[in-house]
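Here the sequence shown stands for residues 10 to 273, numbered as in my numbering.
Don't read these hints as lab results, they were simulated from the structure.
Treat the hints with care, since some could be wrong.
Unchecked claim - Below are the DSSO-like pairs computed for lysine-lysine, each with C-alpha atoms no more than 30 angstroms apart in a straight line:
#1 Lys-256 to Lys-144
#2 Lys-255 to Lys-179
#3 Lys-177 to Lys-144
#4 Lys-177 to Lys-199
#5 Lys-195 to Lys-144
#6 Lys-195 to Lys-255
#7 Lys-179 to Lys-256
#8 Lys-255 to Lys-144
#9 Lys-177 to Lys-256
Stated by the list, open to error - Derived Cβ-Cβ restraints for the label pairs, each shown as a range:
#10 Ala-79 to Pro-111: 43 to 49 angstroms
#11 Phe-91 to Val-149: 17 to 23 angstroms
#12 Pro-113 to Gly-219: 42 to 48 angstroms
All of these numbers come straight from a predicted model, not from anything done at the bench.
Here a beta-carbon is modelled for each residue, glycine too, at the ideal position from N, C-alpha and C.
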Amino acid sequence: MNFAYIYYTYSNAETSINSALPITGASVNSSIPIFRYAHSFDLNGQIAGIQLVVPYAFVDANLDATRIGANVDGFGDIQAIFLVNLVGAPALSKEAFANWTPEPYLTASLAVSIPTGQYDRERVVNIGANRWGFKPQLSVGVPLGGAADWITANANVQLFTNNDAYHKDKTLAQDPLFTIEAHYSKNLNKALWVSADAFYSYGGQTFVDGTSQDNLQSTLKLGIGGSLNLTPVDAIAVSWNTTVAKKSYTPNSQMFSINFSHAW
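Start from the sequences, fold in the hints, and give me the full structure.
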């Protein structure tokens, strides 16, 4: 099957559009349209898939306690994703899927962030990160009450190459950033579900020319979401999350996202 998604994401934060990378002393408002294409297929009887994510961002940044600001827009870093189901959720025909009883599943994925986004070494705020990123992830889901409810969890680590053009000619390095997510979703009917979400991230300390920036992250975010099927192949979904616990120097952030999806 094929899926196309069109997102609009609004973020108010003290980070670049890459939330793994904080910007000290700045307030950043980002409006980010995103196109996402996904293709699923049968791999030895299990569901597998590839995805391509293309963001375009409009960023308005202001340095705290000053009148200095920046407005930039352009393409962000493209992300390619490969995923495969390891346990449960076998590849099925449409007819077999209609009679399938949901069961626990385990999925592995690898996302690769490609440094294709707009980047200028003279700027403090950029849309692209000018480095490669790799995010291996494991996802598990367990149905409750005959699949009316689901508990799902994800665990991932983000790994980064160096940016050798940070603030002109400096080298930016970043430690791995570990994240765990937990989601509880409830199907209100065949067309509508809602969710409660939690995200915890740890690590990701940065170094500039080998000097630690003392910005190790330990951040908890909470959110809510929901999705409504408009037709058997079209849906609209919304989500929102905000920072609720963090270290004193870690950026606050909140994000709202809405997307439309079509399957064929």
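Non-conforming hints, listed in increasing numerical order: 4
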